[in-house]
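S.K.: Sequence:
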Amino acid sequence: MKPFYIKDHRTKQAFQDAVTSNQYWKASWFITKTFKFGTTEGKAIKEFILWCKGVVDATGCHMYPIASIDIDDNGRTHIHAVILLDRYIKYRAVQPTWRCGFAWAKRFDPKQGGIIYLLTGHKYIQFQKPFC
Numbered sequence: 000m001k002p003f004y005i006k007d008h009r010t011k012q013a014f015q016d017a018v019t020s021n022q023y024w025k026a027s028w029f030i031t032k033t034f035k036f037g038t039t040e041g042k043a044i045k046e047f048i049l050w051c052k053g054v055v056d057a058t059g060c061h062m063y064p065i066a067s068i069d070i071d072d073n074g075r076t077h078i079h080a081v082i083l084l085d086r087y088i089k090y091r092a093v094q095p096t097w098r099c100g101f102a103w104a105k106r107f108d109p110k111q112g113g114i115i116y117l118l119t120g121h122k123y124i125q126f127q128k129p130f131c
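Take 0 as the starting number for the sequence shown in numbering that gives the first Met the number 0 and just add one per residue.
In short, the hints are calculated from the structure, not lab data. Here the structure is a predicted model, which is why all the values come from computation and not from measurement. Among the clues, some could well be false.
Stated by the list, open to error - 16 Å max Cα-Cα, derived EDC-like pairs, lysine to aspartate or glutamate: (1) Lys42 - Asp69; (2) Lys110 - Asp16; (3) Lys122 - Asp16; (4) Lys89 - Asp56; (5) Lys35 - Glu46; (6) Lys35 - Asp69; (7) Lys122 - Asp56; (8) Lys6 - Asp69; (9) Lys25 - Asp85; (10) Lys35 - Asp7; (11) Lys122 - Asp69; (12) Lys1 - Glu46; (13) Lys35 - Asp71.
Said to hold, decoys possible - Pairwise CB distance ranges (calculated): (14) Leu49 - Lys110: 28 to 34 Å; (15) Tyr87 - Gln111: 31 to 37 Å; (16) Gly53 - Tyr87: 16 to 22 Å; (17) Asp16 - Phe101: 29 to 35 Å; (18) Asp72 - Ser20: 21 to 27 Å; (19) Arg9 - Phe36: 36 to 42 Å.
From the three backbone atoms N, C-alpha and C, an ideal C-beta is built for every residue, glycine too.
Given the sequences, and given the hints that come with them, work out the whole structure.
M.R.: Structure below.
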């Protein structure tokens, strides 16, 4: 799984529209997971996948993340994601379970353009199937 840039604004907008109009998957959380220490893209993605599986195991939900990866100005790898869920889960199931560094989560608000943001200047991480 190699992340890549999406440069076409129409494609980014199509992602945003598809997420906000979906009847099954509900965009619930916008999250950022930052690694405390430098790491490779591959290791960062593996840790993110482990985190996704842990949330699914703990809550029984089905999850599909729309995610991207980047390195911040301090040289730390971070992942942004809009978490799509088949049902609502509470903040405490999403936020405090990240053990690789710093994290924050907030309720997804489609008016803030979170999908377009995470696809702009960040590499898109393509997941082939949801976590169940």
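S.K.: So, for every hint listed, does it hold in this structure?
M.R.: A quick look at each hint next to the structure:
1. Lys42 - Asp69: Distance ~13 Å between Lys42 and Asp69 Cα, so the pair holds.
2. Lys110 - Asp16: holds (11 Å)
3. Lys122 - Asp16: The hint is violated at about 19 Å.
4. Lys89 - Asp56: OK: Lys89 and Asp56 at ~14 Å, within 16 Å.
5. Lys35 - Glu46: Roughly 13 Å separates the two Cα atoms, so the pair holds.
6. Lys35 - Asp69: With a Cα-Cα distance of about 14 Å, the restraint between Lys35 and Asp69 holds, given a limit of 16 Å.
7. Lys122 - Asp56: violated (27 Å)
8. Lys6 - Asp69: Between Lys6 and Asp69 the Cα gap is close to 15 Å, so the pair holds against 16 Å.
9. Lys25 - Asp85: holds (6 Å)
10. Lys35 - Asp7: Violated: Lys35 and Asp7 sit about 32 Å apart, past 16 Å.
11. Lys122 - Asp69: holds (6 Å)
12. Lys1 - Glu46: holds (15 Å)
13. Lys35 - Asp71: holds (12 Å)
14. Leu49 - Lys110: 28 to 34 Å: holds (32 Å)
15. Tyr87 - Gln111: 31 to 37 Å: violated (19 Å)
16. Gly53 - Tyr87: 16 to 22 Å: The hint (16 to 22 Å, Cβ to Cβ) holds, given that Gly53 and Tyr87 are roughly 18 Å apart.
17. Asp16 - Phe101: 29 to 35 Å: holds (31 Å)
18. Asp72 - Ser20: 21 to 27 Å: Since the Cβ atoms of Asp72 and Ser20 sit about 35 Å apart, the hinted range of 21 to 27 Å is violated.
19. Arg9 - Phe36: 36 to 42 Å: The hinted range 36 to 42 Å holds for Arg9 and Phe36, with Cβ atoms some 37 Å apart.
Of the numbered hints listed earlier, those contradicted by the structure are 3, 7, 10, 15 and 18.
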